[in-house]
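There are 2 protein chains.
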Amino acid sequence: MISSSPIQNLIDQFNKLPGIGQKTSERFVFSLLKKPQAEINQFIQALNNLKEGIKICSDCHNFSAKSLCEICADKTRDQSVICVVAESVDIIALEKVSEYHGVYHVLQGLINQIEEVGPEKLKIKELINRIKKNKVEEIILALNATMPGETTALYLARELKPLGIKITRLARGLPMGSDIEYADEITLSSALSGRREI
Amino acid sequence: MISSSPIQNLIDQFNKLPGIGQKTSERFVFSLLKKPQAEINQFIQALNNLKEGIKICSDCHNFSAKSLCEICADKTRDQSVICVVAESVDIIALEKVSEYHGVYHVLQGLINQIEEVGPEKLKIKELINRIKKNKVEEIILALNATMPGETTALYLARELKPLGIKITRLARGLPMGSDIEYADEITLSSALSGRREI
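Going down the list, the sequences are from chains P and S.
Throughout, our numbering is defined as the position within the first sequence, counted from one, plus 39.
Throughout, our numbering is defined as the position within the second sequence, counted from one, plus 39.
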């Protein structure tokens, strides 16, 4: 019924989004079909404008409207602390906490042997140059608690050590709302070794 | 960083899709940002073409490329059996089973007191006219096993009874892969009362 139709074409497009399968794509398209054309046009407009005027910040490699992003250009932010993240989207999550007042550096990926991403594909050289050029006191590694995240953290720690700056990483432990009963051994072990006095 | 930017605009658009929240929208937009413009253009094209040439089938009220949909126009399908569904998307699910060879009727919703959807807003009059005009032997009610689905099924059963045709509904019972231990009482009760000899 819907093969090779405008409906199927749009389902195929939604299907390409991360984590979205056939059923969800179908739901999206049928929900759009019920909406007035004006709302669909807004969607088209937003897609049209997406890449227009989006640059990469020359300092931190985050997406930005200008050649220097808002965070890097902000004089009130502490330029001596750089938080290293894998992707721009991680910055959004960290900024929501609004406890961090330093700047960021986007690696644009993580070292991943399976997907053949080596350190040379990441913005590591740029990070080292940035540290050498500026007065940097601390590097916070805010990378995923996964195998690629760990590998990249270890690699960065080794590369940055000779520069003689403080290198930290986010704490490991029980996430909020979790049961000890269901926590995995690695998490529990990190929670134990990282225990704090109260 | 991203407020009132092209990025935020597109996040807002994705946010309007059913079941999609802020985080998922962000993930969609940042995945699109990494794609070449040509792929985004395909997406725009598909959205642009969506409603162009999509009509509502005059018989079953399903979305269709012609004034009569492919299923209603198909001479090999049994026109004497009508499967009543709430939405077009339900037809996709039923057609995938490829065990049904009758035709469909899309109500375009379900009776829902909370959302103030009364029977007059659904294609029920059209269903009754269709039954009166054609030789219909059976109506299969394929409605959600929810409160609005049940209400609509009961209403339809009462309205269609005087027409003297067979009215059935989909079986209730344990879904594939489920544990009896975790099944709710209503499901277990349906599974018991609908038990079959093997």
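Hint data in this document are derived by calculation from the structure and do not stem from the laboratory.
It is possible that part of the hints are untrue.
One copy or two, it doesn't matter: identical chains are merged, so the pair holds either way.
To be verified - Calculated lysine-lysine pairs in the DSSO-like style (CA-CA distance at most 27 Å, straight line):
(1) 135 - 162
(2) 172 - 94
(3) 74 - 62
(4) 55 - 74
(5) 160 - 114
(6) 90 - 55
(7) 200 - 62
(8) 90 - 200
(9) 171 - 74
(10) 73 - 105
(11) 105 - 74
Small disclaimer: the values here were computed from a predicted structure and weren't measured.
Hint check results:
1. With identical chains, the CA atoms of residue 135 and residue 162 are at most 27 Å apart within one copy only, with a shortest distance of 24 Å there and 47 Å across copies.
2. In this assembly of identical chains, the alpha carbons of residue 172 and residue 94 lie at most 27 Å apart only when taken from the same copy (22 Å versus 63 Å across copies).
3. In the homo-oligomer, the alpha carbons of residue 74 and residue 62 lie at most 27 Å apart both inside one protomer (19 Å) and across protomers (23 Å), since each shortest distance falls under that limit.
4. When the C-alpha separation of residue 55 and residue 74 is checked against a cutoff of 27 Å, the pair qualifies both within a copy, at 22 Å, and between copies, at 11 Å.
5. Taking identical chains as interchangeable, the C-alpha atoms of residue 160 and residue 114 are never at most 27 Å apart, the minima being 30 Å within one chain and 58 Å between chains.
6. Both within a single protomer and between protomers do residue 90 and residue 55 lie at most 27 Å apart by alpha-carbon distance, with minima of 18 Å and 21 Å respectively.
7. For a Cα distance limit of 27 Å, the shortest separation of residue 200 from residue 62 qualifies neither inside one copy, at 49 Å, nor across copies, at 34 Å.
8. Within a single copy, residue 90 and residue 200 get their C-alpha atoms no closer than 37 Å, and across copies no closer than 58 Å, so neither meets the 27 Å cut-off.
9. Taking CA atoms no more than 27 Å apart as the test, residue 171 paired with residue 74 passes in neither setting, with 54 Å inside one copy and 32 Å between copies.
10. Taking identical chains as interchangeable, the C-alpha atoms of residue 73 and residue 105 lie at most 27 Å apart only when they sit on different chains, with a minimum of 18 Å there against 38 Å within one chain.
11. Only between protomers do residue 105 and residue 74 lie at most 27 Å apart by alpha-carbon distance; the minimum there is 20 Å, versus 35 Å within a single protomer.
Consistency note: the structure conflicts with the earlier hints numbered 5, 7, 8, 9.
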